[in-house]
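For the protein sequence lines, the chains are Y and U, in the order given. Using our numbering, the first residue of the first sequence is number 1, and each one after it goes up by one. Using our numbering, the first residue of the second sequence is number 1, and each one after it goes up by one.
Hints in this document: simulated from the structure, not taken from any laboratory. Take these hints with a grain of salt, some might be off.
Taking lysine-lysine pairs in the BS3-like style, the calculated list, with each CA pair at most 30 Å apart, reads [said to hold, decoys possible]:
| hint | chain 1 | residue 1 | chain 2 | residue 2 |
| --- | --- | --- | --- | --- |
| 1 | U | K2 | Y | K48 |
| 2 | U | K5 | Y | K5 |
| 3 | Y | K59 | U | K47 |
| 4 | Y | K5 | U | K47 |
| 5 | Y | K47 | U | K47 |
Protein chains: 2
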Amino acid sequence: MKRQKLVTLDVEGVLTPEVWVNLAIRTGIEALMVTTREVRDYDLLMKKRLAILDEHGLKMSDISAVLATLEPLGGARDFLDDLRADYSVVLLSDTFSQFAAPLMAQLGQPSILCHQLEVVDDHIDDFVIRIPDHKRRSVEAFRSLNYHVLSAGDAYNDLAMIRAANSGALFLAPDNVIDENPDLPAFDNYGDLRAWIDDAVADGGA
Amino acid sequence: MKRQKLVTLDVEGVLTPEVWVNLAIRTGIEALMVTTREVRDYDLLMKKRLAILDEHGLKMSDISAVLATLEPLGGARDFLDDLRADYSVVLLSDTFSQFAAPLMAQLGQPSILCHQLEVVDDHIDDFVIRIPDHKRRSVEAFRSLNYHVLSAGDAYNDLAMIRAANSGALFLAPDNVIDENPDLPAFDNYGDLRAWIDDAVADGGA
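From just these sequences and the hints, can you work out the full model?
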């Protein structure tokens, strides 16, 4: 008997556009373009981003309005709808629930585990990482429940999740991530990713 | 800062009708009415049920067709839609994925963790419990990810989940379950359940 499969997917770059980049583009605030490539320390980067939002007087509702104009990647909704009809699917993201909300509504409210912003009177006071390394820990938690976990993502912060899964793959990953992980299957369209999920052999124990 | 909430809900009796009871009613096979009240050993009960299906020549596709005529409880879809817009929600059920599928489609494909039937050439060969006591273990797994877990269910097989949660409640439970658990809040409509979820204080550690 084959074990039940559970699929975990990264969100930004896999199902939706990058949120901060699009926030920068749509607000015209170039300083928000800064990413972990320029500022390696994520905590420092987020503090910087929140300070920039404050400088420009941007409230949570302003940001929500901007994010509401973002759309999932082409084909993402259909891919996810079909996938959810056949498997348990959980999205694992390092974004914040308030940022994810407008996009999750457009994706049919899939389950997402992520972090949150502390918002008081429409002002973003702080950000709260629910637990460090939560993508990897989530995969391990689902494996402990005897699921065969399949995980796909595009970026460095997905590798721990992908490596912790029973079956892991890269999806729409940049060349450097693909080149540095030659043992991982890499896909660039939803059809191939779905075929890989369907074909993965889920025999054996956790 | 308050922690993020994650809600786990039982399915049959909470969001949907009881599957086996309705299968008995809709197929007219009275023997399928037998429940854990008559046969305490779940493994024995399931073996008996599968034997009854065989006796009557019922295949997986026949059962799926019957189950497709079942509908979620009144108000369940709206309750769940609204809840999923605001919280991570995972359904925890002791049913089988093939039985759940028609009802999950009507509920907008929420995430459900359950068991599965082994179906070969449209014949139900066997049933496979993914892991014993999976409702309790699932709650513990989500708590280990630093969620404040709220759980609600109606029956004896939900009590371990409800007791393992940070906040637990009974929903549409029979009187004996309510009477035997006087310390648990008990609700009989979705509005009250939702208010309890919103009001639960999620301070403090796991």
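Outcome of the hint check:
Pair hint K2/U plus K48/Y holds up; C-alpha atoms about 23 Å apart against a cutoff of 30 Å. For the given pair, K5/U sits about 25 Å from K5/Y by alpha-carbon distance, which is consistent with the 30 Å threshold. Distance check on the hinted pair: K59/Y and K47/U sit about 59 Å apart at the alpha-carbon level, beyond 30 Å; violated. Distance check on the hinted pair: K5/Y and K47/U sit about 24 Å apart at the alpha-carbon level, within 30 Å; holds.
Of the pairs offered as hints, the one joining K47/Y and K47/U is violated, with about 58 Å between alpha carbons and a cut-off of 30 Å exceeded.
Comparing the model with each numbered hint stated earlier shows that hints 3 and 5 do not hold.
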